[in-house]
Amino acid sequence: MKAKAIFSKIIKNQIMIPLVALLILALFNLIVDPSFFKISMGLNSLGNPVLSGYLITILDCGSELAILAIGMTLVTAASGGQDISVGASIAIAGSVMLRMLCGRNGSRELLVPIFVAFIVALIVAMAFGAFNGVLVASFKIQPMIATLILFTAGRSIAAWINNNELPIVYDESYAVFGGFIPGIPIPTPAFIAVICFIITALVLKFTSLGLFVQSVGINEKSARVNGLNPEAIKILTFVILGACVAVCALIKTSRLMTINYSVIAKDIEMDAILAVALGGNALSGGKFNITASILGAYVIQALTTTLYKFQVPSAALSAYKAIVVILLVVFSSDTVRGWISKNLKFGAKKEVKNV
Amino acid sequence: MRENAVLEMKGIYKEFPGVKALQNVDFFLNKGEIHALMGENGAGKSTLIKVLTGVYAKDKGDIFLAGHEKAVAIHSPQDAQKLGISTVYQEITLCPNLTVAENMYIGRGDNVLQNWKKMNEDAGKLLTELDIPAKPTQQLGTCSIAVQQMVAIARAVDMDCSVLILDEPTSSLDEQEVAKLFKLMRDLKAKGVGIIFVTHFLDQVYEVCDKITVLRDGQLVGEYEIENLPRVQLVSKMLGKDFDDMSDIKSENKKYEAQGEKDHLYEASGLASVAANPFDFYINKGEVNGFTGLLGSGRSESVRAIFGADRVIGGEVKKNGKTVKIKKPIDAMKNGIAYLPEDRKIDGIVADLSVRENIILALQVLKGFFKPISKAESLKFADEFIKLLEIKTASTETPIGSLSGGNQQKVILARWLLTHPDYLILDEPTRGIDVGTKVEIQKLVLKLASEGTAVTFISSETDEMLRTCSRLVVMRDGHVVGELKDDELTQSKIMSTIAGGEKNEG
Amino acid sequence: MFKKLSDKIKGLSDTNLLLFITIVVFFVMYLCAIIFMGKGFTKPQNFFNILNDKAALIILSCGLSLVMITGSIDISVGGITGLVTMCCAVYLDYKGGNVFVSMLIAIAIGLAFGLFQGYLIAYLDIQPFIVTLAGMFFARGMTTIVHTNPFNVENPAFVALKEARINVPLMGTYNKRGEYVPAYVEIGVIVAILVVIVLFAILKWTRLGRAFYAVGGNKQSALMLGINVKRTKFIAHVICGLLSGIGGYVYFLHVGSGAVTHASGAEMNAIASSIIGGTMLTGGVGNIIGTFFGVLSLSTIQNIVSSAGLDKAWWTGITVAAMLCIFLVVQSVVMSRKKKNSK
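Protein chains in written order, with this note's numbering: chain A, 16 to 370; chain B, 166 to 671; chain C, 6 to 348.
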């Protein structure tokens, strides 16, 4: 009986959704081609020992998505909507960073330390986050629509910052963030992601962010009567997402050592939202679970990597992703779940009768 | 079916996860009868109504209607409407973005096209007939809540129904409107319509009803003729115990002795918010005072202004003799003021959060963003108050939304008690709550006062106010029109002050 | 006089108030364009060109507005348009198909999306954003799977249809040589106007139309009022899907080619048009005429920007966004002030 209770508790846990999805993906790969799980050690072009393999790719490329998922979860929880401008914001932050590093004339040397450039980009990204936040919180515009503004303008603004030129960073030290730290075979983005997770965990533990965000998301009026300032909290979540965006911009531009305004972080907003949904968080806001969202992000990356492995062209990727997403949401929907459990129950009853 | 019956529900069962909401409940309704459905919160009245109207699917049981030989199947509100069952719900269930006329006629009939001109004319006629102050083409959202409720009633009445269900329709109506409604109910009764009337107001039951069916804990207690069931017995049937503690509870508590405090605990002059007109007010330590007046008289708006729940636009506030600024709820909370809001669902509960989180919310806000209450500590608080207030919940982690109304109210009360306020404002703490809990809350108020907490208490039920308050501020049309103390605290005196017979006083 | 006007505005329902703002803004903007940008905008043909360009967008936005009125959303409209265009192009050019059948294909694709998405959203209660996001992904992905390289359709019957011009009487102008140049619209415009009229009539005069508003205004209440909420939502999505199919074909008729990049970002333009046209994403408020003017406003702004010499690519994006921003803020302020007044 007790075991059953524990089992049902596990089943009901939000983390189950992405976990099961991950398991299914893993199982699928195991059956079709076990080499998916092979990890090999090699030397990269700089002569550093690096790990490679599909799992490493997931860990590496999933980092940006996982970091974004943190901010997106908070925004979703507090305002009951999603920020669709994250991709465009990454372009802006990346553009600002390169403008700081390379200057107007495309200097081959770094004009300012990377740290300074990052801080400036961070501030800019957070400011744009605040802009979204103010539209949503103070002007009561639905988040998706409010962020549609920056979504439409963001890449244009990014191009405008660098006068539509594509600055190239020549200094190898910049490549570390999207590549490898010399001597360490695990890709740096994974470390950055872990650092972000730890910071998030600490913030949730040592502040009341979780309780306040959920209160605002579930019942804004009640939150106000209880002395909270819902506007401030909503704006705060958007600013936090802005910070996540800046970190992603650092990784993305470091991977390329340059920027392409129209392509960088394209469609990442959709993936980030999917990560939140896959994590079992209601997109209409309220209760949230960041761990589940992060797992969701890696599920999406795993799916992407799996599809790449089967030589699906990148443009057609989305069709397959869509099918997976639809299957997932259909089977996690209350109606279908209820139907399944009802039928299973009836089945069980019949068995009892036969005995 | 019985002769003369319009509706028979037999052996109805309905179970929700963890709750047996209805167990083998029977209900009979005759032609031309006003039948009260009574019971505490959580007794199963609403569930029974919702089964009858097709909102919930019943697990077991049969529903028979006059004119149908077999049991009828009701799967949706539409089915119910087609079978001649029309309903007015407790919460307003109209669409605020449509016009009054559209709200009265939408979802009825099968025509694809609608004759809009005729519809507006019909609606206009009906509105004048029922004396409802609204235009057919007006957007419903711009009407007052009471008018919206009247429109809902007009809609239900206009449908050719054999069964009319009124689920607490009077909670947002003032006396005149209630009188209007009762007249309407009697007219319909004369036409042979069977009316099911759900309400918490005992007076109203005895004014219009013919029969009473009492439910308790999802089970049928019995069906009674109104003459054969005196009030005291009705209440004891609802509670399931003999009823004796509704007597004067005020005298049981000793009064708080003021010890040489010169200043009032709280004093406001010319306080005004976007919703409340300027008013003066004070309260002392250990005092229970009340705001009274008809619905819409501004009593809730006034206490909201004290707490800063609406935007404060003027006035001077003193707390313990010192001038303080209270513009937002957080200012009030920092000054030791707590406010239990009138509308529990909108301003009170955070539905998806657990009982524990709901209890610590205000204290956490007061402590600030960077000093979270640890889980162990919050569990301690929650357990303490669940025991103290006898909150019925499966565990501390149950979402508050799944609790019954009375228990939700207790959780909100616990939330504010946890902040240890020296001035507690309770706006309709007993609305929609069963009688037993009402008495508990009244007792608690007096106990707090005896310990030195100042309490402002608002209730629609005058006798409740009389039992608890030692001073009443009377309001009419947004202004304070009088203040009653000591010997003046009688039902008739309050009524005459509210009605404005003695304007010179106060 | 002014007070009378302001009283009248206060008395308007939410839908009509927003519609009023939209139409006023469009005319003011077009007037400004004429005053500051000069001759180009005075020619009727300039206006008709906007219609020709945006006929497909009008149809898409109408479908989207309908869905938004019921409180749902469909972001797959652009993707469906792209897919329809590609499928029809491939069918006509490579398979040597029949124009009439290609129309059926377009409608079938749109309907299929509408039915499927509508079922998931209405009957399985899955969040519309997720369902249609997947729908968009799927449509975009399928488009590349069908064909990748851009190509022009040279099917003669189709080209004839594409080149068909309908002259608008009395709107022609004389060119420098004094020859009469008739003003014209393409077939797509006629389709778009028909769609606008039909949808407007449905929303305004049928019970179903009112049901859309009721469901968007308050789902729970609508249910209690005896409206079949699920079916209403389902129908809205099916109509939206169908219109995406038709809009896709109109788009195809305008561009006459197949390419993966076709109609990219159309969903965002459609959403923007609906919003500018006074549809609220929260549901229950909106008007098809408003949507029509929303599309016109959006494209007028784009025209102004490009003719103002701000031809650098990024200016279009930034100005459209700025306009959307202003519009949203104005709407939000107006609505909240109105709410305060009524209290």
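Don't read these hints as lab results, they were simulated from the structure.
Computed from a predicted model, the values in this text were never measured in an experiment.
Treat the hints with care, since some could be wrong.
Claimed, not checked - Incomplete in silico selection of chain B near chain C, CB under 10 Å:
hint, residue
1, His233
2, Lys235
3, Thr252
4, Thr258
5, Trp281
6, Asn285
Cβ coordinates follow ideal geometry from the N, Cα and C atoms, glycine included.
* At a threshold of 10 Å, is the proposed contact between Thr258/B and chain C supported by beta-carbon distances? -> OK, holds: Thr258/B within 10 Å of chain C, min 4 Å.
* Asked: How about Asn285/B: closest beta carbon in chain C under 10 Å, or not?
  -> Check failed: Cβ of Asn285/B comes no nearer than 13 Å to chain C, outside 10 Å.
* **Proposed interface contact between Thr252/B and chain C, which counts if any beta carbon pair is under 10 Å** => Since chain C brings a Cβ to about 7 Å from Thr252/B, closer than 10 Å, the hint holds.
* Asked: Going by Cβ atoms only, is His233/B closer than 10 Å to chain C?
  -> violated (19 Å)
* Answer holds if the nearest beta-carbon of chain C is closer than 10 Å to that of Trp281/B; otherwise answer violated. => holds (7 Å)
* Asked: Would the stated hint for Lys235/B survive a check requiring a Cβ distance to chain C of less than 10 Å?
  -> Violated, because the Cβ-Cβ distance from Lys235/B to chain C comes to roughly 23 Å (cut-off 10 Å).
Of the hints listed earlier, those the structure fails to meet are numbers 1, 2, 6, in rising order.
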